[in-house]
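Visitor: So you can see what is in the structure, the chains are spelled out below.
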Amino acid sequence: MSTWVDTPLVLVALTGLLLVASSRLTRCIRIVAFQGALLGVITVAVHQHEFLARPLMLAAAIVALKGAVFPWLLSRVLREADVRREVEPIVGYISSLLLGTLMLAISFRLSAQLPLPTPAVSSLVVPVALFTTFIGLFLIVSRRTALMQVLAYVVLENGIYVFGVGLVQGTPILVELGVLLDVFVAVFVMGIAIFRINREFDHIDTEQLTLLTDWMS
Amino acid sequence: MLLALLLIPTLAAIVAYGVTNDAVRRLMLVTAVAAHASVVAATWATPPASLFGGWLRLDALGRLFLSITAALSLPAAVYSVGYLQRESRGVRRDFEEGLWFANAPEATFTSCLLLFLAAMTLVTISHRFGLLWVAIESTTLASAPLIYFHRHHRSLEATWKYLLICSVGIALALLGNFFLAVAASNHGGAPIPLVVRDLTERAAELHLPWLRAAFILLLVGYGTKMGLAPLHTWLPDAHSEAPSLVSALLSGALLNCAFLGVLRAQQVLVAAGQGAFGQDLLVSFGILSMAVAAVFVVGQADYKRMLAYSSVEHMGVLAVGVGVGGAATFGALLHAVNHSLTKAMLFLVAGNILATYRTKSALEVRGVLRVLPASGALWVAGFLAITGSPPFGPFLSEFTILKGALAQGRVVVAGLYLALLAVVFVGMATVVLRMAHGAPSAPTEDTPDREPLLAIVPPAIIAVIVLVLGVYIPGLLRDAVAAAAGALG
Amino acid sequence: MTLAPIVQVGLPLLLAPMLLSVINRTKAVVAGRNGQPWLQPYLDVLKLLRKGAVYSGTTTWVFRAGPTVGVAALLVSTALVPFGGRPASVAFSGDVIVLAYLLGLARFFTVIAALDTGSSFAGMGASREVTFSTLAEPALFLALAAIARQTSSLSLSAMYGGVGVGTWAVAAPALALVTGALLVVFLAENARIPVDDPTTHLELTMIHEVMVLDHGGPDLAFIVYGSALKLWVLGALLVGLAIPARTGNAWLDGAAALAGMAGLAMATGLIESSMARWRLVRVPQLLVSACVLAALALLLMLR
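Chains A, B and C are the protein sequences, given in the same order.
Mapped onto my numbering, the consecutive letters of the first sequence carry residue numbers 1 to 217.
Mapped onto my numbering, the consecutive letters of the second sequence carry residue numbers 1001 to 1489.
Mapped onto my numbering, the consecutive letters of the third sequence carry residue numbers 2001 to 2303.
Rather than coming from a laboratory, the hints here were simulated on the basis of the structure.
Keep in mind that this is a model prediction, so the values were computed, not measured.
C-beta: ideal position from N, C-alpha, C; glycine also.
There may be inaccurate statements among the hints.
Claimed, not checked - Under 10 Å between C-beta atoms, here's a sample of chain A residues computed to sit facing chain C:
hint	residue
1	T7
2	L17
3	L18
4	M57
5	W72
6	I90
7	V91
8	Y93
9	A105
10	S107
11	S123
12	G191
What the hints assert, rightly or not - Selected chain A positions facing chain B (in silico; Cβ < 8 Å):
hint	residue
13	Q149
14	E157
15	I160
16	G164
17	I197
Please build the complete structure, drawing on both the sequences and the hints.
Guide: If you want it as structure tokens, here you go:
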């Protein structure tokens, strides 16, 4: 049933838009956690016509990792960083929302130009995957706190994961697990880095990380 | 044999982390790297068998890059013994800002160094695109602690930028891998496995729009790791804040491994008949990198950043070489060898200068030839080599690329290439020569009477090799490079 | 069958004020009170009709025409809006645009009547109202465009007649987004919380109320009745989409739709009881979000 795949995909797009429009860090962490849980639902829904054990394990791993472990890790960093919870983003709220909608339209347009050789589970997979990737890239560029940049990286990986799970039928589950492991390690390492950044600089505003630059000299 | 290549550094890393005696650990480092290098030398004699159904295979292209990596690791390991002895435990004062900081534990440094070597080895021998991606990602994760060896805020900033930018690039490369998988999906039949050999043999069955999109993503993603402009912004920071031998390995070996990722994608494109598409992109990125490097090298105040921008420029040269194609591909791969060796030597020498003068500012360093005669001579020789002056190696390779470009009638590309090389030459000349001559400005209490051997011999040996390569290319090397270039069309 | 047209025309006219009383009673029950009698809005309208009006010397014919034109436009709109899956009394291709512009006409005359008084409060309310409507109208248009795309027609009756259980089964996510957008538009256009508080007594916080402060007597009766009609019109658009009962039996579908309207009114009452009015700077964000939801739904339909 296509609705089982379509609805979580639309929700993923909505969470992307919501993320673009939020500036409170705790709220953003929860939205990304919800997005991770949605990925688990999509994993199971895509493989619903096949033997379910392995997709279920993968989905459980994703929900555990992205829905629970990452938010816990990042909340802990946030708590110890003692940072202002609401930082003005570089691009304002309404502009971000409108840019997000524009990116959504572009994703649909691009996916129309890339016709799929084999029909996918749902025609929404490619647009939503591209859109989530764009949102991740946009957030990395337009957000200032290091924590938001890590969240944006997770969103970027989420978009790529949607693409992987929805389209590439022949990919063994091993690859997906590998991707998951990679994200975990990367976020773990970045979390440690942020922790140290806060200890050294007393803030996690990357706009102010400009000691090493060539433009001033 | 391939397994030995991977297992030696990995196991050594694990063991080295547990060893508590510094001298034993350093000995382990050198022996492990030496063992690795000897296995690499053995592969030249007898080609190893492929493993895991073609996932791990050592072809001509991979062997070339693997040899560069191994050839650099050995001097770096020897140099590191002396370096780690100097950077003893305890709190130290920072040169630039006078604040106190500590170094990372030596065990972490040593094991990360070995893991880094293992990851780079994996990059050169993996023929399955997914595994290649995993390997390049692990080089990022293994080298981040190396950059953060001196634990202060500048190196933390550099490490953060490195982690974030390279991770984003690698994520884009992952998307490129998925696009490649779609391109290789066989209209619902059994998909073509993402192994280089299968993809090149069945290239006619690949879906072109997805293949092209995949190449763009792989170029951008791995190009970030390689240091192509405009994705190079992590390079100067990481290279200026990392210890010099880490910078040597980063510039000399890591950038090449990332370039290998791009080359594998180009191999598939060429087999599918889309070589021109990839080549145009490579030339554009290459010229852009050279231009950006030229702008930032002129008037650069920090000599390690200058070397970093020089790396960006040479990555641009490599991209232009492969992008032009034909004879220039041979030149580009030869240049990979030359540049790695020369840049590594330059970074090691820069480390010596830094240790003595205690400043990274090129404006404050004077009279290197007098204070550190051996290092000074190597410094000037290295500058001449890296900017493409005869009789050194890079001159030959850059000239080959130029000849290839002109032979294809690409006059504009050749003209820009020459002009930008000249600009970099002038920029670096002012910095290096000013540093080399003049009245010495080193703090006298740190000036050694005699330079430590471990800090001189490794770069000196590399310098000699570079000089030899400028005059005579051994038949073995020539055949190897030709075979590698042949794989790229 | 001769009864049907009369019922169809008379139903909104008769039942629209009931929506007001359902909303008010829900709010009262939530607050622990009994609330006003069920027929209170009718009694209010009748009382006001019997009263006389006082017109200020500084106003012109515009001030007198405002409420009249408003209620007239809304009466015509009730004839355009389909209810219970049956076609409306007046239906032609493109009546979507006419509906939107009738609502705009009513709003326009309310605003200029308010400006005609020369009162600064009225001007302030007018500018706020127009700002919010500027943002709410694209949301409404995009939402209706999404439904039009799904049912491939530009007539409201055909659009709403075509939205059945089958349509929901095929395009549930997009239609859910459209429902959300239409709900926000419903709350914004009818001056409900979180956009505007209809029970506030402070002129500085009023948006819609302040524009009608100076009207009295029959004019005020027209305004109260007109607001009930507007609730009905926009509610019918929302309920027609949300309750996809199209069994073919007119009485069943009508009863389902009536139940839906009552449910909508109760939901509005609950929303009003459970939150306060949002800060004025946040309301545009809410309306832009509604636009984005509707745009997303349209994009989903377009592919």
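Visitor: Which numbered conditions among the earlier hints are violated in the structure presented, ordered from lowest to highest?
Guide: 4, 5, 6, 7, 12
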